[in-house]
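So the protein sequences, as listed, match chains L and G.
1 is the number of the first residue of the first sequence in the numbering used here; add one for each residue after it.
1 is the number of the first residue of the second sequence in the numbering used here; add one for each residue after it.
Everything labelled a hint here was simulated from the structure, so no lab data went into it.
Computed from a predicted model, the values in this text were never measured in an experiment.
Heads up, a few of these hints could be off.
Here are the simulated lysine-lysine pairs, DSS-like style, with alpha carbons at most 27 Å apart [as the list claims (entries may be wrong)]:
1. G/89 / L/161
2. G/113 / L/161
3. L/75 / L/142
4. G/88 / L/33
5. L/164 / G/89
6. L/161 / L/141
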Amino acid sequence: MSGTATVARKRAAGKTLLEPTGKETAGKYQAPKLEIPVTPERDHIEGLVNASLTLVEYGDYQCPYCGAAYPEVKKVQKELGFELRFVFRNFPLTNIHEHAMSAAETAEAASAQGNFWPMHDFLYEHQATLGDSIVALGHAKKLGLDTQRFEREIARHVYQKRIKDDFMGGVRSGVNGTPTFYVNGVRHNEDAIAKALIEALTQTKK
Amino acid sequence: MRKLQNKNAAQKSRRQPLKTKRIVKTLDSVLAPGKLAPNFSLNSTPDQKVSLSDFRGQPVILAFYPADWSPVCTDQLSLYAMVMPEFKKFNAELLAISVDNIWSHLAFVKDRKLNFPVLADFEPKGSISRRYGAYKEKIGESARALFVIDDKGIIRWSHLSPDGINPGADGILSALENLTTAQVNARS
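Here chain L stands alone, though its shape is the one from the complex (with noise of 0.2 Å):
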């Protein structure tokens, strides 16, 4: 379509990549991995904590692109099924997003209490709602959460510092925005859709 590709940009999911030219790249590139390694014991994982395929998304809850690929990682789940195990981390971006840390902390004080993928799943479904306390309180409520507790966590930023760890292990694994995925430990630089996912996690399969 653009001839030489030398400036063809895709956009999708709202990462916006400029192909690479090959010439400039010269087999040089080895895209960044996963340094912190994925621990059944502090990781939220969804799915089998063995299962042979992982992908790992470092996320903000108010990020839009974020909640454009949240549908796509059901997609992949769905199509993968047993094979694939999804772990989510943070990776708040607070300087752009004003409710993304408060939001993580609403997820983490509902883990504490083994109801990390509701309300993960929630606050996804309900973006639009994020900074009003009072609707992410109402769907604790409906999980049958000790209110209490939840709202004292969080007032008390209790999961602040995991949180904030979360972050800077994103970073040293080379986040570079989010969503960013990694594929059974390597950084998918490609768009963040469904299809493109589950082509590397089969591909990459060992």
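Add chain G to chain L, keeping to what the hints say.
Frame of chain L, contents of chain G only:
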């Protein structure tokens, strides 16, 4: 918008075929570690210039990037603004450079809450980027090239990202760590 611009750029480059026999440098030529970093003096505001030599005695990170206003959540400089406290642990300064003009930079810095100087390699266009081997002649933008320069002005690490791949901050942090280790070893 960018997509449109780039489509235009692609069309333009097709319209100017082989007649213009300009030598286009491949970008394998970013300045390598061990070389003295060329000095420069570029505007950070309409009436304020920043020189590399101002920072002699401390590490400097140079981040050349293609253009202001890339999509927010994947923006390299927004990420660096958040990682700034980590860079500061090494007493490092970060200078970002693109060919955008100073008014674009000022609006960009304000919008993205950037906490470091963003310099305009605007006139003569791209001249400093070229000196670092970080200029893309065909599209008239700086490449995504990173340099870590030590306290004596020597380049200790350089990195060229493939087109469109935001390099993140991991390489910079590792380079700063290596710099510190090397300095400790040199002293002992």
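These are the hints, each one checked on the structure:
Between residue 89 of chain G and residue 161 of chain L the alpha-carbon distance is near 18 Å, which keeps this suggested pair within the 27 Å criterion. The straight-line distance between the Cα atoms of residue 113 of chain G and residue 161 of chain L is roughly 23 Å, inside the 27 Å bound, and the hint therefore holds. For a cut-off of 27 Å, the pair hint linking residue 75 of chain L to residue 142 of chain L stands: about 26 Å separates their Cα positions. Taking the CA atoms of residue 88 of chain G and residue 33 of chain L, the gap is about 24 Å. The hint holds against a cut of 27 Å.
Annotation: proposed proximity of residue 164 of chain L to residue 89 of chain G holds, straight-line Cα distance about 16 Å (limit 27 Å). At roughly 25 Å between alpha-carbon atoms, residue 161 of chain L and residue 141 of chain L fall within 27 Å of each other, so this suggested pair holds.
Hint compliance for this structure: every hint is met.
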